[in-house]
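My request is simple: use the sequences and hints to build the entire structure.
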Amino acid sequence: MEIVTSIVAGILFMTATYLMLSKSLLRIIIGTGLLSHGAHLLILTMGGLKRGTVPLLDEHAASYVDPLPQALILTAIVISFGVTAFFLVLAYRSYQELGTDDMDQLRGNDQK
Amino acid sequence: MNNNIIILPIIIPMITAVLLIFFNKQEKVQKYLSAVSSVINIGISVFLVHYVHTNGIISLEVGDWKAPFGIVLVADMYAILLVLTANIIVFACLLFSYKIVDYNRSKFFYYSGVMFLLTGVSGAFLTGDLFNLFVFYEVMLMSSYFLIVHGNSKPQLRETIKYILVNVISSALFVISVAFLYAVTGTLNMADLSLRVAELGSSGIIAAISIMYLIVFGLKGAIFPLFFWMPGSYQAPPAAVTALFGALLTKVGVYSITRVFTLIFLQDIAFTHTFIAWLAVLTIIFGVIGAISFSDIKQIVIYNILTGVGVILFGVSTMTESGLEGSVYYMIHDMIIKGLLFLLVGIVFSITGTTNLDKFSGLIKKYPTLGWMFFIAALALAGIPPLSGFIGKLKIVQGGFEQGEFVLAFAVLLSSLLVLYSVMKIFINGFWGEEKIPQVLETSQVKSLYVPAAFLLALSLFYGLGTEFISSYIKQAEQVLLSPDLYIEAVLKE
Numbered sequence: 229m230e231i232v233t234s235i236v237a238g239i240l241f242m243t244a245t246y247l248m249l250s251k252s253l254l255r256i257i258i259g260t261g262l263l264s265h266g267a268h269l270l271i272l273t274m275g276g277l278k279r280g281t282v283p284l285l286d287e288h289a290a291s292y293v294d295p296l297p298q299a300l301i302l303t304a305i306v307i308s309f310g311v312t313a314f315f316l317v318l319a320y321r322s323y324q325e326l327g328t329d330d331m332d333q334l335r336g337n338d339q340k
Numbered sequence: 036m037n038n039n040i041i042i043l044p045i046i047i048p049m050i051t052a053v054l055l056i057f058f059n060k061q062e063k064v065q066k067y068l069s070a071v072s073s074v075i076n077i078g079i080s081v082f083l084v085h086y087v088h089t090n091g092i093i094s095l096e097v098g099d100w101k102a103p104f105g106i107v108l109v110a111d112m113y114a115i116l117l118v119l120t121a122n123i124i125v126f127a128c129l130l131f132s133y134k135i136v137d138y139n140r141s142k143f144f145y146y147s148g149v150m151f152l153l154t155g156v157s158g159a160f161l162t163g164d165l166f167n168l169f170v171f172y173e174v175m176l177m178s179s180y181f182l183i184v185h186g187n188s189k190p191q192l193r194e195t196i197k198y199i200l201v202n203v204i205s206s207a208l209f210v211i212s213v214a215f216l217y218a219v220t221g222t223l224n225m226a227d228l229s230l231r232v233a234e235l236g237s238s239g240i241i242a243a244i245s246i247m248y249l250i251v252f253g254l255k256g257a258i259f260p261l262f263f264w265m266p267g268s269y270q271a272p273p274a275a276v277t278a279l280f281g282a283l284l285t286k287v288g289v290y291s292i293t294r295v296f297t298l299i300f301l302q303d304i305a306f307t308h309t310f311i312a313w314l315a316v317l318t319i320i321f322g323v324i325g326a327i328s329f330s331d332i333k334q335i336v337i338y339n340i341l342t343g344v345g346v347i348l349f350g351v352s353t354m355t356e357s358g359l360e361g362s363v364y365y366m367i368h369d370m371i372i373k374g375l376l377f378l379l380v381g382i383v384f385s386i387t388g389t390t391n392l393d394k395f396s397g398l399i400k401k402y403p404t405l406g407w408m409f410f411i412a413a414l415a416l417a418g419i420p421p422l423s424g425f426i427g428k429l430k431i432v433q434g435g436f437e438q439g440e441f442v443l444a445f446a447v448l449l450s451s452l453l454v455l456y457s458v459m460k461i462f463i464n465g466f467w468g469e470e471k472i473p474q475v476l477e478t479s480q481v482k483s484l485y486v487p488a489a490f491l492l493a494l495s496l497f498y499g500l501g502t503e504f505i506s507s508y509i510k511q512a513e514q515v516l517l518s519p520d521l522y523i524e525a526v527l528k529e
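Residue numbers (my numbering), protein chains in the order written: chain A, 229 to 340; chain B, 36 to 529.
Certain hints may be false.
Unchecked claim - Simulated crosslink set (SDA-like; lysine to any residue; CA at most 20 Å straight-line):
id	chain 1	residue 1	chain 2	residue 2
1	B	Lys189	A	Arg335
2	B	Lys197	A	Lys278
3	B	Lys197	A	Ala299
4	B	Lys142	A	Arg321
5	B	Lys460	B	Gly406
6	B	Lys197	A	Arg335
7	B	Lys189	A	Pro283
8	B	Lys189	A	Asp329
9	B	Lys189	A	Leu326
10	A	Lys278	B	Trp264
11	B	Lys197	A	Asp330
12	B	Lys189	A	Ala319
13	B	Lys189	A	Tyr320
14	B	Lys197	A	Ala319
15	B	Lys189	A	Ala299
16	B	Lys60	B	Val71
17	B	Lys101	A	Ala299
18	B	Lys197	A	Tyr246
None of these hints come from the bench; they were simulated from the model.
Predicted model, so just to flag it, every value in this text is computed and none were measured.
And the structure:
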């Protein structure tokens, strides 16, 4: 199972890289979203996909699931959600102001 | 004994920032509240420095979860000295902002942004947990996205897009590196990590992970191949914000590299630390090339950040007593002096309306104080003996010689000359020569801008001349870096 999720994470990274290399700002933002999805899936995989019960002492089970990766993912998801929202607003605002979403035209130089 | 006081430098700016959001329309309240909170913060940091000096490292287990399992906040001397310096820089930048930032900008939460930035920076310095470090990085970055775009001018919008993109990618890399390290060791507490990684011995996977961390923190700290985003992004926002960024943000990256490579990744010093030494020297070289080639004063100072980062990292990479001591000295010096230089650039900009050296000259006749303040700051930056940069560079180069890295240490030494040339170029072309000032602001208006700059300059002078007084603090910071056992013991066995 770990192999499958690793491959899925790899595909997500690949797609994200492809999208981030494109010129359109919107595609780049979708790329960053996919990149963080890939990273989150990787954390889950790296913690080990164990079968077990919830990590509470009362359960008296033979095996428990490691809760830490899930806590990390939850935090990371919230953060990437915030950053993506900010990024989208910024993209909209700069499209209004600069009149383009093409990264080639956003290159800029010293003279503004 | 109650260690809860460690959390105050993080939580006070946070509460202040939240309060400031509610008072966004009252400019007076904004100014007083942020100033008072900043002063209280400095007071607490001074007390903490004193406390750590007498009692050694203190750590707080947040929520009373025992050490390797819960999040810990650790105040060792290095971290707490940097928290103090960061608070002082923020105070000076606030004083500067009171004059520069008008109501139209302050009502859109400018001061909240500064306070949230301070929350993130202090948190990143104080945390003893790797994932918590990531979280505080994000707090810091989120407020920096906000501050860099605040004002909505076209170059700001354009540069912010690139800045966010670079940082989103590096954050994703950070999460990935945390995941890898967690898979290998099963812990995230830095002290515990140090033990577990030492048990694993030197293996290829640890070396690979350590390089991933170098890339992640190097992107934030702007070391050699990863500094490409910095000149553009730091050029865009106004001077007070650039001063904050230049003094604090890159230093957080450098601090993290220092922390991680003196505490956790110590198995393969011959490979990793030599690698860092070469990157550090390349950073210095690219920094001075950039600083010499530009004729825009803001760009010159921005490229000097690179040189500073390189010098500090070279000190860390030597892993000798004097090298590490020098890097601590130089880190604090660099934070103060970069803050000061950007504030001075801000003053020049508000006088002339440009930062291009070709467009103005002869400032010194009308503004002698500014001229001489700049001159002393320039000498301190290059490390001329009685001033603050000297002792740090001396120790770092000494550390390099002790390690037998003669070529690299000479490169560090030579860079000082070129740094001096790059800032003297500003002095000679901008302050001397025939008087040509495009847009003269009232002299009385400019005078009030001198206050924060003079405050930082006095601090830098004190730091240089009072080395005797400071040295015992720096020594204590260096000891923890040199022998990680002190850190581990303080965190895990209370």
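Do the hints match the structure? See the list:
1. Between the alpha carbons of Lys189 (chain B) and Arg335 (chain A) the distance comes to roughly 12 Å, so the proposed pair stays at or under 20 Å and holds.
2. Using a Cα cut-off of 20 Å, the hinted pair Lys197 (chain B) and Lys278 (chain A) is violated, with the two alpha carbons roughly 40 Å apart.
3. With a C-alpha separation of about 30 Å, the suggested pairing of Lys197 (chain B) with Ala299 (chain A) is violated against the 20 Å cut-off.
4. Among the hinted pairs, Lys142 (chain B) with Arg321 (chain A) is consistent with the structure: their alpha-carbon atoms are about 19 Å apart, no more than 20 Å.
5. About 13 Å separates the Cα atoms of Lys460 (chain B) and Gly406 (chain B), which keeps this hinted pair within 20 Å; it holds.
6. The straight-line distance between the Cα atoms of Lys197 (chain B) and Arg335 (chain A) is roughly 9 Å, inside the 20 Å bound, and the hint therefore holds.
7. Taken as a hint, the Lys189 (chain B) and Pro283 (chain A) pair is broken in the structure, with Cα atoms around 52 Å apart against an allowance of 20 Å.
8. For the hint pairing Lys189 (chain B) with Asp329 (chain A), the CA-to-CA distance comes to about 13 Å; that is within 20 Å, so the pair holds.
9. With a C-alpha separation of about 7 Å, the suggested pair Lys189 (chain B) and Leu326 (chain A) falls inside the 20 Å cut-off, and the hint holds.
10. For the suggested pair Lys278 (chain A) and Trp264 (chain B), the alpha carbons sit about 41 Å apart, so the restraint of at most 20 Å is broken.
11. The hinted pair formed by Lys197 (chain B) and Asp330 (chain A) meets the criterion: a straight-line CA distance of about 12 Å does not exceed 20 Å.
12. As the CA atoms of Lys189 (chain B) and Ala319 (chain A) are separated by approximately 12 Å, the hinted pair is consistent with the 20 Å bound.
13. Restraint check for Lys189 (chain B) and Tyr320 (chain A): the C-alpha separation of about 13 Å stays at or below 20 Å, so the hint holds.
14. Taking the CA atoms of Lys197 (chain B) and Ala319 (chain A), the gap is about 11 Å. The hint holds against a cut of 20 Å.
15. Between Lys189 (chain B) and Ala299 (chain A), the direct Cα distance comes to roughly 39 Å. Violation of the 20 Å bound is thereby established for this hinted pair.
16. About 18 Å separates the Cα atoms of Lys60 (chain B) and Val71 (chain B), which keeps this hinted pair within 20 Å; it holds.
17. For the hint pairing Lys101 (chain B) with Ala299 (chain A), the CA-to-CA distance comes to about 17 Å; that is within 20 Å, so the pair holds.
18. Between Lys197 (chain B) and Tyr246 (chain A) the CA atoms are separated by roughly 17 Å; this keeps the pair inside 20 Å, and the hint holds.
Hints 2, 3, 7, 10, 15, counting from the list given before, are not met by this structure.
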